[in-house]
Amino acid sequence: MAIRGTHDASARVKPKESFDFLHDERVRSAFYQLLTAGVVGWLIWYLVTNTAHNLEVRGMNTGFGFLSATAGFDTDFKLLEYEPGVGTYGRIFLIGCINTLLVSFLAIIASTILGFAVGVLRLSSNWLVARLALAYVEIIRNTPLLLQIIFWYVGVFALLPRVKQSLDLSAGAEVAFLNNRGLYTAWPIPGDFFWMSIVAFVIAVIGVFVLKRWAHKRQDDTGQQFPTVTASLALLFILPGMVFLATGSPLDWDVPTLQGFNFAGGAALPPAFLALLIALTIYHAAHLAESVRAGILSVNKGQTEAALALGLRPSRAMTLIIIPQAMRAIVPPMISLWMNVVKNSSLAIAIGYSDVVALFMQTALNQAGYAVEMVGMTMAFYMFISLSISGLLNIYNKRVQLVER
Amino acid sequence: MAIVNGEKTAARSAPLTETSFIGWLHKNLFSSWINAILTVVSIYIIYVAVKGIWVWGVEEAVWVAENRRECFKISKDGACWAGVIQWLENIFYGRYPRPELWRVNLGGLLLVVWMAPLWLPRVKNKIFIGLSTVFLYPFLAGYLFAGGDKGIFMQVVVSGAIICLIGNTLHTIIGVFSGGGLPENLTRLLGKTDASDQNQRNTLLAILAAAFVVVFLLQMGWTVEVVPWTKWGGMFLTLVISGIGITSALPGGIILALGRRSRLPVIRVLSTSFIELFRSVPLITILFMATTMFPLFMPEGFVLNKLVQVTIAVCLFSACYMAETVRAGLQAIPMGQYEAAHTIGLGYWGTMGLVVMPQALKHMIPNIVGSFIGLLKDTTLVSIIGLFDILGMLRSISQDVPWRGLHKEPLLFGALLFFIICFIMSKYSRHLEVKLSAGANR
Chain U
0 MAIRGTHDAS ARVKPKESFD FLHDERVRSA FYQLLTAGVV GWLIWYLVTN
50 TAHNLEVRGM NTGFGFLSAT AGFDTDFKLL EYEPGVGTYG RIFLIGCINT
100 LLVSFLAIIA STILGFAVGV LRLSSNWLVA RLALAYVEII RNTPLLLQII
150 FWYVGVFALL PRVKQSLDLS AGAEVAFLNN RGLYTAWPIP GDFFWMSIVA
200 FVIAVIGVFV LKRWAHKRQD DTGQQFPTVT ASLALLFILP GMVFLATGSP
250 LDWDVPTLQG FNFAGGAALP PAFLALLIAL TIYHAAHLAE SVRAGILSVN
300 KGQTEAALAL GLRPSRAMTL IIIPQAMRAI VPPMISLWMN VVKNSSLAIA
350 IGYSDVVALF MQTALNQAGY AVEMVGMTMA FYMFISLSIS GLLNIYNKRV
400 QLVER
Chain L
0 MAIVNGEKTA ARSAPLTETS FIGWLHKNLF SSWINAILTV VSIYIIYVAV
50 KGIWVWGVEE AVWVAENRRE CFKISKDGAC WAGVIQWLEN IFYGRYPRPE
100 LWRVNLGGLL LVVWMAPLWL PRVKNKIFIG LSTVFLYPFL AGYLFAGGDK
150 GIFMQVVVSG AIICLIGNTL HTIIGVFSGG GLPENLTRLL GKTDASDQNQ
200 RNTLLAILAA AFVVVFLLQM GWTVEVVPWT KWGGMFLTLV ISGIGITSAL
250 PGGIILALGR RSRLPVIRVL STSFIELFRS VPLITILFMA TTMFPLFMPE
300 GFVLNKLVQV TIAVCLFSAC YMAETVRAGL QAIPMGQYEA AHTIGLGYWG
350 TMGLVVMPQA LKHMIPNIVG SFIGLLKDTT LVSIIGLFDI LGMLRSISQD
400 VPWRGLHKEP LLFGALLFFI ICFIMSKYSR HLEVKLSAGA NR
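If you read the sequences in order, they're chains U and L.
Just so we're aligned: 161 in numbering that gives the first Met the number 0 is position 162 of the first sequence, and the numbers increase by one with no gaps anywhere.
Just so we're aligned: 173 in numbering that gives the first Met the number 0 is position 174 of the second sequence, and the numbers increase by one with no gaps anywhere.
One chain only, chain U, in its complex shape:
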């Protein structure tokens, strides 16, 4: 043993360190990195000095002072208080961001539901239904979104009847109207003690979670199942409902009524909003349907067979075995699709819905200048949203990732 030890030591004599400057890996990598940094740095410096010079020559203003300056134009759709000539550009930016988020949020929810439905229909054992779903997916995916948005706007919503001949969507109850100026619906106005109903609802939601944990624990301990779904639904409806009635139904409806040439009261959604929402929903649902289908197909057939062999009913096998595994494949493309919904909502500009691009990057920019700041702020807004959503995705991925050897 000792002999072998000395032998090893003698064989491991270090070769003479000849430091070849040109071929040393560390020197080379440092050189390449310095070179890249230098080129990029020079490029940035070049663009910045050019921009500064050009701004000076053209006499354009710079800085973010304009955000507190008053804006002189109005917008047809706003969720914040704003008055032209009183409101500021900062407020315009906020209104644009909220409008973008509103339409994206609604489109995300609607397209997720529709996408899952169509994705499941694509795999239906019914030949005709599967073909119909396929036709929907192929037609929608192979035409440009912008064209679809414009089509919904000029081809559908612009052709709706005028205000006087509004369609009554509530079938005679006169609380929701659709015409070529948009959708008018009744809007709830909370009364004095309405907050108590909301508190009751929150308590009910918490109660559902507690109930679910308790039911799980009981099943683990005793094997007995508890009708969680029915109980939860009952809890969710009955508790807030009772509080609502006990406080004297404190909710009024602001119903839109025809006054002169237009409706007054209630909530109004412009046709551009509706067209954008419908187009975004239909377009992204078709894309999601393909991801859902691929996700479900990616689950090994053996899993279905094993579940059935255990004696699970097909519906239970689907909800307990297939869907949870399919979600692992569905969620990443779904979240990047959500990101696309937010980004694609910027196409609103083509039909005049006041999202952040149309309102801030176009109208405000044309009014006030400040090209660099405004384009930068708009891009930063989208970047913030995208990075938040992809952060969400990363957290999810970490949680569900298959732990392999």
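Worth flagging that the hints you see were computed from the coordinates, not collected in a lab.
Mixed in with the good hints, there may be bad ones.
[Unchecked claim] Taking beta-carbon pairs under 7 Å as the criterion, some of the chain U residues facing chain L (in silico): (1) Q32; (2) L46; (3) N125; (4) L127; (5) V153; (6) Q258; (7) V374.
[As the list claims (entries may be wrong)] So the derived list for chain U, only partly shown, Cβ under 10 Å to chain L, looks like this: (8) S28; (9) N49; (10) F115.
[To be verified] Just so you have them, the derived chain L footprint on chain U, three or more residues with Cβ under 8 Å: (11) 52-63; (12) 133-146; (13) 197-205; (14) 352-361.
Bear in mind the structure is a predicted one, so any value in this text is a computation, not a measurement.
Just so you know, even glycine gets a beta-carbon here, dropped at the ideal spot from N, CA and C.
Given the structure of chain U, go ahead and fit chain L onto it with the hints provided.
Chain L only, in chain U's frame:
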């Protein structure tokens, strides 16, 4: 005692529910009452949709009319295709001067001739043909479309492209009929088959040089009229922008993807932030940035036209998306390939260029076709910033005095056009995917 039936019982035929058309119906459409309801509902939807489209779009439609009012006079509840038909040339070519249309058509035809060999199985050296399509064809087509005075650079590139085109075509014809290539046949023709490699190569280079001189001299006198970019439009412009976008996306995307996977932190961080920056914002904001901020970025007095600004923006955008496609392809290559390449002494560029990239690119082809479809659709956004691409043209029909208010028909026609192009390409990419993975599936 056992009674054994010595005769074989004839096999019963399969039950009717398994074999006949009725069996198929039972299995696929009416297997349960829920499915039966779904089937009936689907048949109803299909009936309503098909009937509606047929009556509006074909039966009651007007195909020939002078203006929209005449359309209404002929049929009130039908489509007015007459407007689309009258604008057909505009939809495809924009306001490109009509006598010069042959240039656009020739450009398209040349692309077909140039790329057709890539699909012929017996042709060799497809990599060269592919590379020449990316690096030479755009210049020739660009000159054809834009016209005007050729500078010395354009003269050289155009001559090179013409020679390449002639060479490719000869090479393909020879390849298809005799299975060889152009270089071998040239040497055989000159009786140099037995000469040394050096000699053969020199002879071929001499022929190439001679051909270059001849073509260069011939093309010097050839000029075509200038067509300013403002006259470009329609489907032609859409294809030009997305074509340039996709061809530049590939090299750009490869570089960015390699940068993102680099071991050198500075390069990695720069590439990653560049890719993420462009991928996290909508294309329309990039286009706006291009039109409002490029003029500020450039030195004073240096003016780029809108088409160039937009094209640069589209190129950057598509390169960043392509980078992610390439990265996915690179990730699919197992570590063993890198290690094997290092073992036989290849450096970074050798490993990437000879071992990793060729395999990764093969995996990526379907996705590249997919990105091209996406880019083709996204290119319609240039109509928002005032270029008259196909969507811009379709929308300006409704602004044309005789056809004022004709919105639906042009948009539907455009949708059909996009659907045909994109559907064929996506089917082709599916086919490629199956074909390319055939070798991997045992």
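Tested hints:
1. Q32: Status holds, d = 4 Å.
2. L46: Holds - the Cβ of L46 (chain U) comes within 7 Å of chain L, reaching about 5 Å at its closest.
3. N125: Constraint on N125 (chain U) satisfied, holds at 5 Å.
4. L127: Cβ of L127 (chain U) sits 4 Å from chain L, so the hint holds.
5. V153: 4 Å, holds
6. Q258: 29 Å, violated
7. V374: 5 Å, holds
8. S28: 5 Å, holds
9. N49: At about 6 Å, which falls below the 10 Å cut-off, the nearest Cβ of chain L leaves the hint on N49 (chain U) intact, so it holds.
10. F115: 17 Å, violated
11. 52-63: holds (count 4)
12. 133-146: holds (count 9)
13. 197-205: This one is violated; 0 residues, fewer than the three required, reach chain L with a Cβ under 8 Å.
14. 352-361: holds (count 3)
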